[in-house]
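Q: Sequence:
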Amino acid sequence: MRTYTVNKEFHILGTVKGLVSEAREVEQYIRDFKPEILAVGISLEEYEGLKEYIKSGFELPELSTIEEIYADKLCVFGDVGFPPPAFEKSIAVALALGINTLTLDIPEHEFTDIYCQRVHTSDIILQSFMVKRLKKKKIVAACPEDFEIQWDALVNKFSGFKSVERAREKHMAMELKKIMDGKRRVLAIIEIARVSGVLNYLGINKEQMKS
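Each residue of the sequence shown is one higher than the one before, counting from 1 in the working numbering.
Careful: at least some of the hints might be erroneous.
Below, in silico cross-link-like pairs of lysine-lysine (DSBU-like), each with a Cα-Cα straight-line distance of 35 Å or less [what the hints assert, rightly or not]:
#: 1; residue 1: K157; residue 2: K89
#: 2; residue 1: K34; residue 2: K138
#: 3; residue 1: K135; residue 2: K170
#: 4; residue 1: K183; residue 2: K73
#: 5; residue 1: K206; residue 2: K135
#: 6; residue 1: K137; residue 2: K89
#: 7; residue 1: K170; residue 2: K89
#: 8; residue 1: K73; residue 2: K137
#: 9; residue 1: K183; residue 2: K157
#: 10; residue 1: K138; residue 2: K157
#: 11; residue 1: K162; residue 2: K132
#: 12; residue 1: K89; residue 2: K183
#: 13; residue 1: K206; residue 2: K178
It is worth saying that the hints were derived from the structure and are not from the lab.
Kindly generate the complete structure, drawing on both the sequences and the hints.
A: Now the structure itself:
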């Protein structure tokens, strides 16, 4: 997990999807920072699903092939779990503390439209060929954050998938702009691979921030 302090009232946590150890870190950060708004980088539908999972613990769908390979490789940095522990824990803590939670990612019906418009058959075919090589692909990373960024660059290397991720980043940035009024303490929790793009759309230089 990496922390980005935009200003004293607006912090971003860049999380590694699936890393169990981050759940405790996220909980402690929320309790220490005491945000008035928790902004999570997932869709409204994902948020509602996680709330229901927290309450009832229903059986989750199986991971995709790419997710299974990702989890297998990420485990060198620690235990891996799904749904992503950082998001699950942050939502659970916000519910317990009465913190207002907003979702940043594209609603599912809009995402489907964007995906169909931007991802072409050629992108899907190229990615399917790449999946066969991913198991053997060695990713050299000193930390889980660098691993996820490298992994994301691999699985979204084809233009259609890359364009979809840019659309997600732009949407998250637009949603954050609505609440960045400097009057309320905001904590955003976003997958580390999306943080740079979100900051770019916000016009913020990541290198000038404490992280």
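Q: Would you mind marking each hint as holding or not holding in the structure?
A: Status of the hints after comparison with the structure:
For the suggested pair K157 and K89, the alpha carbons sit about 30 Å apart, so the restraint of at most 35 Å is met. As the CA atoms of K34 and K138 are separated by approximately 40 Å, the hinted pair breaks the 35 Å bound. Simply put, K135 and K170 have alpha-carbon atoms about 31 Å apart, close enough for the 35 Å limit, and the pair holds. With a CA separation close to 42 Å, the supplied pair K183 and K73 exceeds the 35 Å bound.
At roughly 32 Å between alpha-carbon atoms, K206 and K135 fall within 35 Å of each other, so this suggested pair holds. Between K137 and K89 the alpha-carbon distance is near 31 Å, which keeps this suggested pair within the 35 Å criterion. Pair hint K170 plus K89 holds up; C-alpha atoms about 25 Å apart against a cutoff of 35 Å. Restraint check for K73 and K137: satisfied, since their Cα atoms lie roughly 10 Å apart, inside the 35 Å limit.
A C-alpha spacing of about 39 Å is found between K183 and K157, which places the hinted pair above 35 Å, so the restraint is violated. Only pairs whose Cα atoms come within 35 Å are accepted, and K138 paired with K157 is accepted, the gap being roughly 16 Å. A C-alpha spacing of about 20 Å is found between K162 and K132, which places the hinted pair at or below 35 Å, so the restraint holds. Restraint check for K89 and K183: the C-alpha separation of about 26 Å stays at or below 35 Å, so the hint holds.
With a CA separation close to 20 Å, the supplied pair K206 and K178 stays within the 35 Å bound.
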